[in-house]
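Visitor: With the sequences and hints as input, model every part of the structure.
My numbering applies: residue 83 is where the sequence shown begins, and numbers increase by one.
Source of the hints: derived by calculation from the structure; they are not laboratory data. Hints are not guaranteed to be accurate.
Stated by the list, open to error - So the derived label-pair ranges between C-beta atoms look like this:
hint, residue 1, residue 2, range
1, 157, 91, 54 to 60 Å
2, 219, 84, 18 to 24 Å
3, 88, 122, 28 to 34 Å
4, 181, 110, 17 to 23 Å
Idealized CB from N, CA, C, for every residue including glycine.
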Amino acid sequence: MGRKTLRDGGAVAKALIAEIGETVAALGKLDGAAAASMKVQLEKGAKALSSVVDYVLANAKQDPNAVFAGSVPYLKLAGVVLCGWQMARALVAAQANRASDPAFFDAKIAIAQLYAEQVLVQAGALEASIVGTKGNEGVLALTEDQF
Numbered sequence: 083m084g085r086k087t088l089r090d091g092g093a094v095a096k097a098l099i100a101e102i103g104e105t106v107a108a109l110g111k112l113d114g115a116a117a118a119s120m121k122v123q124l125e126k127g128a129k130a131l132s133s134v135v136d137y138v139l140a141n142a143k144q145d146p147n148a149v150f151a152g153s154v155p156y157l158k159l160a161g162v163v164l165c166g167w168q169m170a171r172a173l174v175a176a177q178a179n180r181a182s183d184p185a186f187f188d189a190k191i192a193i194a195q196l197y198a199e200q201v202l203v204q205a206g207a208l209e210a211s212i213v214g215t216k217g218n219e220g221v222l223a224l225t226e227d228q229f
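Guide: Here you go:
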């Protein structure tokens, strides 16, 4: 968190979230269950990531232990959402190019839908494990010896 989000005041994270928003808008212009599912889940994922970035920025100085206790879930959340974003971009491209190779691009579309419905849905739980646990009190309650 320190070398990434805190160093630049969340500027890069916020820029990526804005780019994700552009992809969500592009998904909204597409037909089909895969695009609809990806749009919903990517939008939720972006909101979860944004919420965590805001939490980190708001709490890092006054309660750094609580913020850093959420480092692993934060990295997992970023990975889930950013990979979902790339899957969404692939879905948009696949729909645009589907006519040139339907079998290949149908597989890309199906994989993106699978990711949205099986992996991207985890974003909310990861957010809750950081923001919703009031500073990761469970982790902070353990002593070093208890790990």
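Visitor: What hint numbers does the structure not satisfy?
Guide: Number 1 only.
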